[in-house]
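Peer 1: My numbering applies: residue 30 is where the sequence shown begins, and numbers increase by one.
Warning: the hint list may mix true and false statements.
[Said to hold, decoys possible] Each computed EDC-like pair below joins lysine to aspartate or glutamate, with the alpha-carbon atoms no more than 20 Å apart:
id : residue 1 : residue 2
1  : Lys302    : Glu271
2  : Lys129    : Glu61
3  : Lys319    : Asp211
4  : Lys241    : Glu287
5  : Lys129    : Glu67
6  : Lys63     : Asp226
7  : Lys77     : Asp57
8  : Lys241    : Asp192
9  : Lys302    : Asp102
10 : Lys101    : Glu61
11 : Lys101    : Glu48
12 : Lys77     : Glu313
13 : Lys129    : Asp68
14 : Lys129    : Glu271
15 : Lys77     : Glu61
16 : Lys241    : Asp157
17 : Lys302    : Glu313
18 : Lys319    : Asp79
19 : Lys77     : Asp102
20 : Lys77     : Asp154
21 : Lys289    : Glu61
22 : Lys275    : Asp226
23 : Lys319    : Asp102
24 : Lys275    : Glu287
Keep in mind that the hints were calculated from the coordinates and are not lab data.
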Amino acid sequence: MKSLLLLLCLFTLPCPAAEPQRFPLWPDGAPEAKGTTEDHQPTLDFYKPDGVPANGCAVVICPGGGYGGLAKDHEGIQPARFFNSFGVTAYVLHYRLGGKGYQHPIPLQDAQRALRLARSRAAADGVDPTRIGIMGFSAGGHLAASTGTHHDAGNAAATNPIDRLSSRPDFMILCYGVLSFDPAITHQGSVNNLLGDRRNDPALLDFLSNEKQVHATTPPTFLFHTTTDQAVPVANSLRFYEACQKNKVPVALHVFQEGKHGLGLAQNDSNLKIWPTLLQQWIEQNGWLKVR
Numbered sequence: 030m031k032s033l034l035l036l037l038c039l040f041t042l043p044c045p046a047a048e049p050q051r052f053p054l055w056p057d058g059a060p061e062a063k064g065t066t067e068d069h070q071p072t073l074d075f076y077k078p079d080g081v082p083a084n085g086c087a088v089v090i091c092p093g094g095g096y097g098g099l100a101k102d103h104e105g106i107q108p109a110r111f112f113n114s115f116g117v118t119a120y121v122l123h124y125r126l127g128g129k130g131y132q133h134p135i136p137l138q139d140a141q142r143a144l145r146l147a148r149s150r151a152a153a154d155g156v157d158p159t160r161i162g163i164m165g166f167s168a169g170g171h172l173a174a175s176t177g178t179h180h181d182a183g184n185a186a187a188t189n190p191i192d193r194l195s196s197r198p199d200f201m202i203l204c205y206g207v208l209s210f211d212p213a214i215t216h217q218g219s220v221n222n223l224l225g226d227r228r229n230d231p232a233l234l235d236f237l238s239n240e241k242q243v244h245a246t247t248p249p250t251f252l253f254h255t256t257t258d259q260a261v262p263v264a265n266s267l268r269f270y271e272a273c274q275k276n277k278v279p280v281a282l283h284v285f286q287e288g289k290h291g292l293g294l295a296q297n298d299s300n301l302k303i304w305p306t307l308l309q310q311w312i313e314q315n316g317w318l319k320v321r
């Protein structure tokens, strides 16, 4: 029977993709954790290219969910498999959530640690530590953008070697992201979940309005949005694009005429399913797919 199943897998049906490996961000327990279950211990799921050679490029993916949940499939697993299809290694980040009691800066600390951990694992995972980007959808786009605008080179004096590594992504992919906390254009639910009782703090709202935090060392950025997004206005991406231009940050912006919020790769939408191809072309155009 096993031989028959193997023959079917080899000659008639595609074998299911291998399950990802899961790595805790902090093997000895996350700082400020309120428990030991999945909600309290952030992790990275490692998706290795299967069937095509890995080229050394990698992306840390932050699913959306309004900082209250995680859209793990269409904004996590599916993008990871898409990247794998052209040789890019992917890591899906399960970060801690405001809806579970983890307000700012905890999610940002998780994302920064994810970049450091991916770099620390580069040799083991077949990744080039100078070609690790970050991707985020909706509120995950806010987290990804925050990582790209609030990064550091690492703490050279840290006892843990992971903490000595940079948290700067080498590029950013921001998909219908909550990029601003300006009340006129933000997604208020994301603000409420991330900031809790501090949701009306002007200084904090300014600090986490990422279009105001773009600077010369902000990574090259790819933006995807739709004009008719009713949950997160397209102005979020437009403002971020303008900030990148002002600061001479390489940036590509793709705004489609129609499309609802939360589309993921949009493979069931004949007008929008081209956008992942545009993303792949952008990654290749910038040289991140070249084996070095």
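Peer 1: Which numbered hints are broken by the structure, listed smallest first?
Peer 2: 1, 3, 4, 7, 8, 10, 14, 15, 16, 21, 22, 23 and 24
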